[in-house]
Amino acid sequence: MLFSKQQPRYQSEFTLFLTELKKAKPDLEQKQSAGRALLWDKAPIDLETQQRNKDSRIAQQAYVYQNKL
Numbered sequence: 009m010l011f012s013k014q015q016p017r018y019q020s021e022f023t024l025f026l027t028e029l030k031k032a033k034p035d036l037e038q039k040q041s042a043g044r045a046l047l048w049d050k051a052p053i054d055l056e057t058q059q060r061n062k063d064s065r066i067a068q069q070a071y072v073y074q075n076k077l
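So the number in our numbering is just where the residue sits in the sequence shown, counting from 1, plus 8.
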C-alpha cells in the first residue's frame, strides 16, 4: 500500500554512497572476503589438540596481583 507522499524508488544517502563506492572499486567485495578469510576463517582444531591445550593451562590465582611470599 503506497501513501501519497511515499516515494517508491527512494534510496538513502548511505545506499547511494555504497552504490557509488562499488562502482568505483569493483574488486572491493573480493578484498573484504580475502581479509575476512585471513583473520577469521580458520581451520577447525582437532579434539586431541583441544584436549592438550586444555590440559596445559595453568590455574590462575583468585587474585592475580597477590604474590606468595
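Some hints could be false.
As the list claims (entries may be wrong) - The list that follows gives simulated cross-link-like pairs (lysine to any residue, SDA-like), each with its CA atoms no further than 25 Å apart:
| hint | residue 1 | residue 2 |
| --- | --- | --- |
| 1 | K33 | Q19 |
| 2 | K39 | R65 |
| 3 | K50 | L29 |
| 4 | K33 | E21 |
| 5 | K31 | K50 |
| 6 | K39 | E56 |
| 7 | K31 | S41 |
| 8 | K39 | Q58 |
| 9 | K33 | L47 |
| 10 | K50 | A32 |
| 11 | K62 | G43 |
| 12 | K50 | N61 |
| 13 | K50 | S64 |
| 14 | K39 | L29 |
| 15 | K31 | A51 |
| 16 | K33 | R44 |
| 17 | K39 | L26 |
| 18 | K33 | G43 |
| 19 | K30 | L47 |
| 20 | K50 | E37 |
| 21 | K31 | A45 |
| 22 | K39 | L55 |
| 23 | K50 | L36 |
| 24 | K39 | D54 |
| 25 | K31 | R17 |
| 26 | K50 | R65 |
| 27 | K39 | Y18 |
| 28 | K33 | A51 |
| 29 | K30 | A51 |
| 30 | K39 | T57 |
| 31 | K39 | A51 |
| 32 | K33 | Y18 |
Please keep in mind that the hints were generated in silico from the structure rather than gathered at the bench.
Status of each hint after checking the structure:
no.: 1; hint: K33 - Q19; verdict: holds (20 Å)
no.: 2; hint: K39 - R65; verdict: violated (37 Å)
no.: 3; hint: K50 - L29; verdict: violated (29 Å)
no.: 4; hint: K33 - E21; verdict: holds (18 Å)
no.: 5; hint: K31 - K50; verdict: violated (31 Å)
no.: 6; hint: K39 - E56; verdict: violated (34 Å)
no.: 7; hint: K31 - S41; verdict: holds (18 Å)
no.: 8; hint: K39 - Q58; verdict: violated (31 Å)
no.: 9; hint: K33 - L47; verdict: holds (22 Å)
no.: 10; hint: K50 - A32; verdict: violated (31 Å)
no.: 11; hint: K62 - G43; verdict: violated (29 Å)
no.: 12; hint: K50 - N61; verdict: holds (17 Å)
no.: 13; hint: K50 - S64; verdict: holds (22 Å)
no.: 14; hint: K39 - L29; verdict: holds (14 Å)
no.: 15; hint: K31 - A51; verdict: violated (33 Å)
no.: 16; hint: K33 - R44; verdict: holds (18 Å)
no.: 17; hint: K39 - L26; verdict: holds (15 Å)
no.: 18; hint: K33 - G43; verdict: holds (16 Å)
no.: 19; hint: K30 - L47; verdict: holds (23 Å)
no.: 20; hint: K50 - E37; verdict: holds (19 Å)
no.: 21; hint: K31 - A45; verdict: holds (23 Å)
no.: 22; hint: K39 - L55; verdict: violated (32 Å)
no.: 23; hint: K50 - L36; verdict: holds (22 Å)
no.: 24; hint: K39 - D54; verdict: violated (29 Å)
no.: 25; hint: K31 - R17; verdict: holds (19 Å)
no.: 26; hint: K50 - R65; verdict: holds (22 Å)
no.: 27; hint: K39 - Y18; verdict: violated (29 Å)
no.: 28; hint: K33 - A51; verdict: violated (30 Å)
no.: 29; hint: K30 - A51; verdict: violated (30 Å)
no.: 30; hint: K39 - T57; verdict: violated (32 Å)
no.: 31; hint: K39 - A51; verdict: holds (20 Å)
no.: 32; hint: K33 - Y18; verdict: holds (24 Å)
Checked against the numbered hints above, the structure violates hints 2, 3, 5, 6, 8, 10, 11, 15, 22, 24, 27, 28, 29 and 30; every other hint is satisfied.
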